Amino acid sequence: MVAKIQPDGLYRVTYGEKAGLTHDELKARQPGKFQAFIPGHPTPDQYTLVNFSPYRVHQRCADKMRVGRFILAADAAHLCNPFGGLGLTGGIADVGSLYDSLVGIHTGQADDSILDVYDEVRRRIWRNIINPVLSENMARLFKYSGPDEAMEKDPFFKMMKQREDAAEDGDEPPGLPSLRYDITQHYNKKKE
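Note that the sequence shown covers residues 1 to 192 in this note's numbering.
These aren't lab readings, by the way, just hints derived from the structure by calculation. The structure displayed is predicted, hence computed values, not measured ones. Warning: the hint list may mix true and false statements.
Computed list of lysine-lysine pairs in DSS-like fashion (alpha-carbon distance at most 25 Å, straight line) [stated by the list, open to error]:
#	residue 1	residue 2
1	K143	K27
2	K153	K33
3	K161	K4
4	K33	K18
Pairwise CB distance ranges, derived in the manner of DEER restraints [as the list claims (entries may be wrong)]:
#	residue 1	residue 2	range
5	T48	V103	44 to 52 Å
6	T48	Q162	34 to 42 Å
7	L21	H106	47 to 55 Å
8	A19	Y144	29 to 37 Å
9	Y144	L21	18 to 26 Å
10	I5	R56	16 to 24 Å
11	Y15	E152	16 to 24 Å
12	E152	D24	34 to 42 Å
13	G108	F52	52 to 60 Å
14	T184	I38	42 to 50 Å
15	L10	H106	40 to 48 Å
16	H106	H41	24 to 32 Å
17	S178	D24	42 to 50 Å
18	E25	D112	30 to 38 Å
Built from N, CA and C at the ideal position, the CB exists for glycine as well.
Modelling step: build the complete structure from the supplied sequences, incorporating the hints.
Written as structure tokens, this is what we have:
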């Protein structure tokens, strides 16, 4: 994943590596990685490496997002690998559902059992939508020999091409199921 993070041309580059390599081995392999997958195949004399920070990519979700008066949301509730942007997006959806739950309690339209609904729904969305998509994104790092093979064979990239073609034709492209959930449907009273 390559993302421009500052207007002056600073990029963040994230990529997968074999497990078990030392920090020095990872650093020695970095120039070859950049040259292999960054457009233009840059050599180290063509860029300045500002920071090098290997980390173990993983994903997990809390067993509970509510225990009594303690509520978890976003990164406190689940960690996601960075390949797909679903950690941030899912976290925003968590906070939206939690906000609606708390508004319902505050206005008397719901009792605190709505927080149990929040807990169940948000973990279900993570388990059934976010986690499988991120797991498949992670597997793509090692499944194909390069971007051309991935574009040709991978169902996700084929779907992205369909989305691109549909958008050009003005059609509504297919996409992921929604990460949002209307928790207000569990309010037990209408606002007066």
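task = Would you pick out the hints that fail for this structure and give their numbers low to high?
result = 8, 16 and 18
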